[in-house]
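Asks: So the sequences go chain by chain: A and B.
Those letters in the first sequence? Residues 0 to 187, by numbering that gives the first Met the number 0.
Those letters in the second sequence? Residues 0 to 171, by numbering that gives the first Met the number 0.
Simulated from the structure, these hints should not be mistaken for laboratory data.
Quantities reported herein were computed from a predicted structural model and do not represent experimental measurements.
Worth double-checking, as some hints may not be accurate.
Distance ranges between label pairs, derived from CB positions [to be verified]:
#, chain 1, residue 1, chain 2, residue 2, range
1, B, PRO101, A, LEU110, 47 to 55 Å
2, B, VAL70, A, MET167, 31 to 39 Å
3, B, PRO101, A, ARG145, 17 to 25 Å
4, B, SER1, A, ARG146, 46 to 54 Å
5, B, PRO53, A, ARG145, 33 to 41 Å
6, B, ALA158, A, GLY171, 33 to 41 Å
Listed below are several chain B residues computed to face chain A (Cβ distance under 10 Å; list not exhaustive) [what the hints assert, rightly or not]:
#, residue
7, ALA52
8, TYR59
9, PHE66
10, ALA109
11, ALA113
12, GLY116
13, ILE138
14, LEU169
In silico negatives: residues of chain A with every beta carbon more than 10 Å from chain B [stated by the list, open to error]:
#, residue
15, PRO10
16, LEU12
17, HIS38
18, GLU40
19, VAL42
20, THR43
21, LYS46
22, SER49
23, ASP144
Beta carbons are placed, not taken as given, at the ideal position from N, Cα and C, and that holds for glycine.
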Amino acid sequence: MLDEPVAVERPTLYRIFLTYLRLANLTFGGGDAIMAAIHTELVTARKWLSQEGYAISYALARITPGTNVLAFCAGSAWKIRAWPGAIAAVLAASVPAGVVVILLTAGYGALQSSAAARAAIAGTLAASVAMMGTAACNLLRPYLDRRRWVPAVVIAGTSFGLLQWSAMTPIGVLGLAAVTGIIWRIPE
Amino acid sequence: MSLLMLYLLLAKATVTSFSGTTSFPVIRHDFVEHYHQLTDRQLNAAIVAGQAAPGPNGLYIVSVGYFVAGVPGGCAGMLAVITPPFLIIPMLQFLGRWADKPRVQSALRAVTIAAAGLVLSTMLPLARDALNGPLPLAIAVASFAFLLVKQQSTVLVIAAAALAGLAGQLLS
Numbered sequence: 000m001l002d003e004p005v006a007v008e009r010p011t012l013y014r015i016f017l018t019y020l021r022l023a024n025l026t027f028g029g030g031d032a033i034m035a036a037i038h039t040e041l042v043t044a045r046k047w048l049s050q051e052g053y054a055i056s057y058a059l060a061r062i063t064p065g066t067n068v069l070a071f072c073a074g075s076a077w078k079i080r081a082w083p084g085a086i087a088a089v090l091a092a093s094v095p096a097g098v099v100v101i102l103l104t105a106g107y108g109a110l111q112s113s114a115a116a117r118a119a120i121a122g123t124l125a126a127s128v129a130m131m132g133t134a135a136c137n138l139l140r141p142y143l144d145r146r147r148w149v150p151a152v153v154i155a156g157t158s159f160g161l162l163q164w165s166a167m168t169p170i171g172v173l174g175l176a177a178v179t180g181i182i183w184r185i186p187e
Numbered sequence: 000m001s002l003l004m005l006y007l008l009l010a011k012a013t014v015t016s017f018s019g020t021t022s023f024p025v026i027r028h029d030f031v032e033h034y035h036q037l038t039d040r041q042l043n044a045a046i047v048a049g050q051a052a053p054g055p056n057g058l059y060i061v062s063v064g065y066f067v068a069g070v071p072g073g074c075a076g077m078l079a080v081i082t083p084p085f086l087i088i089p090m091l092q093f094l095g096r097w098a099d100k101p102r103v104q105s106a107l108r109a110v111t112i113a114a115a116g117l118v119l120s121t122m123l124p125l126a127r128d129a130l131n132g133p134l135p136l137a138i139a140v141a142s143f144a145f146l147l148v149k150q151q152s153t154v155l156v157i158a159a160a161a162l163a164g165l166a167g168q169l170l171s
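Using the sequences and the accompanying hints, generate a full structural model.
Replies: Pasting the structure below:
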C-alpha cells in the first residue's frame with residue numbers, strides 16, 4: 000500500500016530521480032550508508048516517506064533477491080510515487096554507476112598492450128581476491144556469536160565442501176541451505 | 000551466446016542472490032566452467048571494475064556482460080541487475096507480515112551463511128590465477144588485512160594495489 004502523504008507537496012519524478020541519483024552514487028560507505036542517507040533526507044528532512052514506509056522497505060529489501068540497496072530504492076520510491084517512482088529511483092541509483100563499470104572494463108581491455116598497465120592491473124587483481132575473502136568474512140562474521148556459531152560453521156563449511164568436491168551447483172547448495180534453515184532454526 | 004541467453008544467465012545469478020557479491024559462485028559456474036565465455040582473470044577484473052565504481056555493490060555483473068558481448072552485453076548485465084529489485088513491490092503489497100516469520104528469517108540466515116562458504120570456494124581458482132608470485136601475494140594479504148579493519152575503503156585499496164603492482168614492475 001502506498002504511504003499516506005506526509006509531505007506538503009508530492010515530489011515530481013524528476014526530483015525523485017535527482018535525489019536517488021545523488022544519494023545512491025555519491026554516498027560513500029556502501030549499502031547501509033546509502034539507506035541511512037535516504038532516511039535522513041526522505042523521512043526526516045523532506046518528509047516524502049513515513050517512518051513505517053522506510054522500515055518495511057528496509058526489512059523487505061533484506062529478503063528481496065538481487066542487490067539490497069536497489070531493492071530498497073525500488074520499495075521506498077514505490078511508497079512515494081508508485082511504479083513510476085520506483086523505476087525512476089532504480090534507474091538513478093544504478094545506470095550512472097553501470098556506465099562507469101563499462102568504461103572501466105573497456106579500459107582494462109585497452110590497457111593490456113602496456114607492460115606498466117598490465118603490472119598495475121595484476122596488483123588490482125590480487126586485491127580483488129582479498130575483496131572476495133573479505134566479502135565472505137563479512138557475510139559470516141555476524142553469525143559467529145555464542146548462540147549461532149555452530150550452525151554458521153556447519154552450513155558454511157558444508158557449502159564450501161559441496162561446491163569444492165561434489166557436482167552440486169551453487170543454486171542447489173543455496174536451496175539446500177534454505178531447507179536446512181527452515182528445519183534447523185538459526186536464532187535472530 | 001545470444002543477448003537473451005546472456006541476460007537470462009545473469010538474471011539467474013542475481014535472482015538467486017541476496018547481496019551484491021553472493022551471485023559470484025553462480026556466475027563463475029555458468030560463465031567460466033559451463034559455457035567457457037569468461038576466464039577467471041576476466042571475472043576477477045570484472046569484480047575490480049564493479050568495486051571501483053560508485054553506487055551499489057553487485058554491478059560487476061555489468062562488467063561480466065561487457066566481457067561476453069561488448070556494450071550490448073553490458074546493457075544486458077545492467078538489466079539483469081535492476082530486474083530482481085522490483086520484486087520488492089509485490090512483496091510490499093502482499094508479503095509484509097510474512098517476512099517476519101521466524102522460519103523465513105532462519106532460512107534467509109542459512110542462505111547468507113551458505114553464500115559465505117560458496118564465495119570462499121569460488122575464490123580459490125581466482126586466487127590461483129592472480130596470486131602467482133610474492134608481490135601479488137603480499138598485495139592480497141595487505142589488502143585483506145586493511146579491508147577487515149576499514150571495510151568501505153575498496154577504491155583506496157584498488158588504487159594502492161595498482162600502484163604497488165606498478166612499483167614492482169619498475170623496480171624489477
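Asks: Are the hints correct? Go through all of them and say.
Replies: To see whether the hints hold, each was checked on the structure:
1. PRO101(B) <-> LEU110(A): 47 to 55 Å: 51 Å, holds
2. VAL70(B) <-> MET167(A): 31 to 39 Å: 35 Å, holds
3. PRO101(B) <-> ARG145(A): 17 to 25 Å: Check passed, 19 Å falls within 17 to 25 Å.
4. SER1(B) <-> ARG146(A): 46 to 54 Å: 48 Å, holds
5. PRO53(B) <-> ARG145(A): 33 to 41 Å: For PRO53(B) and ARG145(A) the Cβ distance comes to about 38 Å; the hint holds.
6. ALA158(B) <-> GLY171(A): 33 to 41 Å: 38 Å, holds
7. ALA52: 4 Å, holds
8. TYR59: 7 Å, holds
9. PHE66: 7 Å, holds
10. ALA109: 3 Å, holds
11. ALA113: 3 Å, holds
12. GLY116: 3 Å, holds
13. ILE138: 4 Å, holds
14. LEU169: The hint holds - LEU169(B) has a Cβ within 10 Å of chain A, the shortest such distance being about 8 Å.
15. PRO10: Holds, since 18 Å exceeds 10 Å.
16. LEU12: Check passes; 16 Å lies beyond 10 Å.
17. HIS38: Answer for HIS38(A): holds, closest chain B Cβ roughly 16 Å.
18. GLU40: 17 Å, holds
19. VAL42: It holds; VAL42(A) is separated from chain B by about 16 Å at its closest Cβ, greater than 10 Å.
20. THR43: 21 Å, holds
21. LYS46: Since the minimum Cβ distance to chain B is about 20 Å, LYS46(A) lies beyond 10 Å and the statement holds.
22. SER49: Correct as stated: the minimum Cβ-Cβ distance to chain B is 13 Å, above 10 Å.
23. ASP144: 12 Å, holds
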